[in-house]
Amino acid sequence: GENVEQHPSTLSVQEGDSAVIKCTYSDSASNYFPWYKQELGKGPQLIIDIRSNVGEKKDQRIAVTLNKTAKHFSLHITETQPEDSAVYFCAASNPSNYQLIWGAGTKLIIKP
Amino acid sequence: NAGVTQTPKFRVLKTGQSMTLLCAQDMNHEYMYWYRQDPGMGLRLIHYSVGEGTTAKGEVPDGYNVSRLKKQNFLLGLESAAPSQTSVYFCASSYEALLYEQYFGPGTRLTVT
Chain U
1 GENVEQHPST LSVQEGDSAV IKCTYSDSAS NYFPWYKQEL GKGPQLIIDI RSNVGEKKDQ
61 RIAVTLNKTA KHFSLHITET QPEDSAVYFC AASNPSNYQL IWGAGTKLII KP
Chain G
1001 NAGVTQTPKF RVLKTGQSMT LLCAQDMNHE YMYWYRQDPG MGLRLIHYSV GEGTTAKGEV
1061 PDGYNVSRLK KQNFLLGLES AAPSQTSVYF CASSYEALLY EQYFGPGTRL TVT
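Taken in sequence, the protein lines are chains U and G. Residue 42 in the numbering used here is what sits at position 42 of the first sequence, and the numbering runs on without skipping anything. Add 1000 to the 1-based position in the second sequence for the numbering used here, that's all there is to it.
There's no promise every hint is true.
[As the list claims (entries may be wrong)] Away from chain G, derived, C-beta distances all over 10 Å, residues of chain U:
1) K22
2) T65
3) A70
[As the list claims (entries may be wrong)] Keeping only pairs whose Cα atoms sit at most 30 Å apart, straight-line, the calculated DSSO-like set for lysine-lysine is:
4) U:K68 to G:K1057
5) G:K1014 to U:K22
6) U:K68 to G:K1070
7) G:K1071 to U:K22
8) G:K1071 to U:K42
9) G:K1071 to U:K37
10) G:K1057 to U:K71
11) G:K1014 to U:K42
12) U:K42 to G:K1009
13) G:K1070 to U:K22
To be clear, the hints were calculated from the coordinates, so they are not data collected in a lab. Glycine residues also receive a C-beta, built at the ideal position from the N, C-alpha and C atoms.
Turn these sequences into a full structure, and let the hints guide you.
Set out below in structure tokens:
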């Protein structure tokens, strides 16, 4: 079945710098790759997603890139701000079932 | 518009006790999901439902049962709780299948002693 690996587990960056979180997946049939942000004590919330027919997608300071050949996708956050501090999860879906397979999460710390 | 709500927020059970977690959504979503979240393991799907009256097993269904008698509600039951079921449980819903955003509830923290 699908397996999603996420790195790093913790990322600490200076406010204003960029942050990059990477995920790899194993099932070449996966076609949907969302990123969720989870703040302390809350449920995850979708921040951006990408489908397999697209290589890159941007939304203000957030971007996601997808390399289908290498089976990896990345989240890029530019000009980081204190409110970006949270746990970020990547996920991958397989059209043969209704399941999202999740990465283990990255705790992003923005240092003032 | 409350979105997805979960009750209770916290619960402590003794081994062998049973309980039901309730999830409710007011967005008229067809799909609903129950996940558990453990440190360092991300989210794992327990059971899901593709519509009223339907349920299906996810990645880690053992020890849990679910019911979807009404479209807006999805219940997760633990018949005989075990310490391994200590976790944070999240309910989510989505308009259609996986290519659409999942909306999550605030979670239920369950401790089994």
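Now the hints, each set against the structure:
1. K22: 15 Å, holds
2. T65: At about 19 Å from chain G, T65 of chain U clears the 10 Å cut-off, so the statement holds.
3. A70: Correct as stated: the minimum Cβ-Cβ distance to chain G is 21 Å, above 10 Å.
4. U:K68 to G:K1057: 29 Å, holds
5. G:K1014 to U:K22: The given pair, whose Cα atoms are some 40 Å apart, is violated under the 30 Å limit.
6. U:K68 to G:K1070: 39 Å, violated
7. G:K1071 to U:K22: 36 Å, violated
8. G:K1071 to U:K42: 24 Å, holds
9. G:K1071 to U:K37: 27 Å, holds
10. G:K1057 to U:K71: 27 Å, holds
11. G:K1014 to U:K42: Distance of about 26 Å is within 30 Å: holds.
12. U:K42 to G:K1009: 11 Å, holds
13. G:K1070 to U:K22: 39 Å, violated
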